[in-house]
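Peer 1: Going line by line, the protein sequences match chains A and B.
Position in the first sequence counted from 1, then plus 130, gives you the working numbering.
Position in the second sequence counted from 1, then plus 130, gives you the working numbering.
In case anyone wonders, no lab produced these hints; they're calculated from the structure.
Quantities reported herein were computed from a predicted structural model and do not represent experimental measurements.
Among these hints, one or two may not hold up.
Same chains, same label: a pair holds when it works inside one copy or across any pair of copies.
Okay, derived cross-link-like pairs now, EDC-like style, lysine to aspartate or glutamate, Cα gap no bigger than 20 Å in a straight line [to be verified]:
#	residue 1	residue 2
1	Lys-329	Asp-299
2	Lys-408	Asp-396
3	Lys-408	Glu-446
4	Lys-329	Glu-520
5	Lys-408	Asp-513
6	Lys-329	Asp-387
7	Lys-408	Glu-520
8	Lys-408	Asp-299
There are 2 protein chains.
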Amino acid sequence: MHDFPRINPVRLLDDLRTLRSFGAHGSGVVRLSLSPVDLEARRWRAARMTEAGLDATIDRVGTVFGRSRQAGPALVIGSHTDTQPTGGWLDGALGVIYGLEIAHALAECAATRDFAVDVASWIDEEGTFSSFLGSRSFVGDDIDASLQQARNRDGLSLGDALAQAGLADAPRVMLDRARQRAYLEPHIEQGGRLEAAGKAIGVVTTIVGIREFQLRFTGQRNHAGTTPMAIRRDAGAALVAFITRIDAAFQQLADADTVWTVGRIDLDPGSFSVVPGKADLYLQFRDGNAGRLHAMESALAALADEWNAQHAVQVELIACDGPEEPVVMDASLQQHLAQAAEAVAPGQWVSMPSGASHDAQVIGHHIPACMLFVPSIGGVSHDFIEDTAEADIVRGCDVAARAAAAILAQLRQSV
Amino acid sequence: MHDFPRINPVRLLDDLRTLRSFGAHGSGVVRLSLSPVDLEARRWRAARMTEAGLDATIDRVGTVFGRSRQAGPALVIGSHTDTQPTGGWLDGALGVIYGLEIAHALAECAATRDFAVDVASWIDEEGTFSSFLGSRSFVGDDIDASLQQARNRDGLSLGDALAQAGLADAPRVMLDRARQRAYLEPHIEQGGRLEAAGKAIGVVTTIVGIREFQLRFTGQRNHAGTTPMAIRRDAGAALVAFITRIDAAFQQLADADTVWTVGRIDLDPGSFSVVPGKADLYLQFRDGNAGRLHAMESALAALADEWNAQHAVQVELIACDGPEEPVVMDASLQQHLAQAAEAVAPGQWVSMPSGASHDAQVIGHHIPACMLFVPSIGGVSHDFIEDTAEADIVRGCDVAARAAAAILAQLRQSV
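Put together the whole structure using the sequences plus the hints.
Peer 2: Written as structure tokens, this is what we have:
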């Protein structure tokens, strides 16, 4: 029994490597939600949670939840262990195994042995069936539509997949606000900022909001040899000119963290000899500031209006999916993470937004939430070569454990 | 027996409409080279040529050739009757039926009854198997590679298609320079310049040369949320910026007839959430002036070198197909067409380049060649709705017949 919570690096890395063995492909992992290997991995995690003294269950949607036997207030620590079709071994797995290790570490320390850490492995963050299914179910969102309509790429419905997994009658794990008072999601950065800055820990300030638009340009398809430049209505040329205007407008509004991306362009019909009559571009932009996102959206609409008043080729803005608003991480929880980071790695941590989406953005709407990042080598994620240095993995867990103890100490005082 | 060559508008339009019936799809035509309906149409044309007093043959590659029984010098008049997968009824058919009608008209006129007009219906101008196969075979190009390797979309080889058509042992019709001293190809414009200018006849000055390049941009694929703008190597953004540079450089070099087209853009992997790591654009440019084409090619290479010296995203120029050089139409033949046009339609004709490719560019390398255009309604071609006003069809044939008589009169003097 320690007198302060100490993580066990050997156990931590062993558990991470064992989890990797479920669905390993070279150095990467293929573990799609509710696939046979994913279900096998879920049963293994439930067993490991039981060994850590938690009451473990696999719930109605497939989330593995390990509830501490200690009375609340409880801190929920978790993330997801399902992967993309070509996944990395750490992506969400890191946060789940951190949770397990921290449950061990707090139980092995005299000062924190009564602290309640509930560990969550949310199902389907990656959207094999329906993105953020586990965290959405936990906070009480209506998931009936997903159960009935969501299908994976093979056409298997979510409802059938859960029935085949024997979960049709399992109880749904739901947020207990009286007990579960805060959420911590440790995660790899999935970008290259920490590495570029030479930092070991990122304390997340906000999870950015997202807008996605299809921009359709309609001109006139023509023979590329017989149609003089002066009389063309080239939808592709209009698209290119419009991107230049978007860049100029967004640069006026952006700060260093604002990002925008044209990820796809289609010219129709798409051959050397035909002036495109139709052209589509797919634009995404992200920012941590809701006001800036709205300003960018307004600027885009104004550009389209201005363009249509000036040009024969017309542009139409088509919003794709619903807008995702930014989710601000709880200030007090951020402070605990920062203090723990400064204690473990003085000067080696930084506050930063999360440019990627995480379960914390779902849960953060309901209880105070925070996230801690560790560096991704080369900034690579969603790829078999995704990796993080062992020293960074261990240090990140140490920071998370200290922060968890401090957060719970404060929560217990305020009860 | 007329005392000057007079075309018969009823016979001309009847023949055009009958030819349309082979492969008619609504107002358009689907008559792919060596398809059953194409072969049927070839047999019909051979019979019509025989009725016009020509010695008709379908040769080794499928070209229908009607040789006049008159002694040379001969004028070859023709074009192609094969179509694109969604073809118009006039495209090349117009020039072939003009040839047939002019053979009739000259034979029916006392002053020209001894004049030799050979009528050609070249196979596969559109490249169902191998572009310009008929005219290339006629001028003596090596066609063995095409016979052995060329295949249509169904995977049928050209050699097998010709064998199935019973042509494996047919003789190849070859250019006889001693006899065949000039080539006239009447054609629809396939663009909108005549219509826009309110003109009825185009006298072609040159068939433009063509260059085609794939430009491949190589950057770094990254997560569109977690990769700040400042550290991205976005291949798509580079592509867009480079197109702006191409436009600026080409505008410096262009005249009113120069055209350039970006017909296709591919971003890889092509999704909202990924910064493109690879991007391809497909650029074609055309001009009637060989020097300008070379200058544009040099400018493009210089832009790429300059870009690569300045940017992390690198661009590679990949030449596609062989370069096609411009082919200048014979000045004396152009003059005959202009005089005939002025006689039939005073002030309603114009000299212009051909922005599209034609068999005349193959034959023009070997004997003096010329082309005459009639207007395309709405500038549309390679489409079921392709059409030309009947009055324009008749007037164009009248001009071509007068020009043919004048060309042959001059050729016979110089023998």
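Peer 1: Out of the numbered hints, which ones does the structure contradict?
Peer 2: 1, 7, 8
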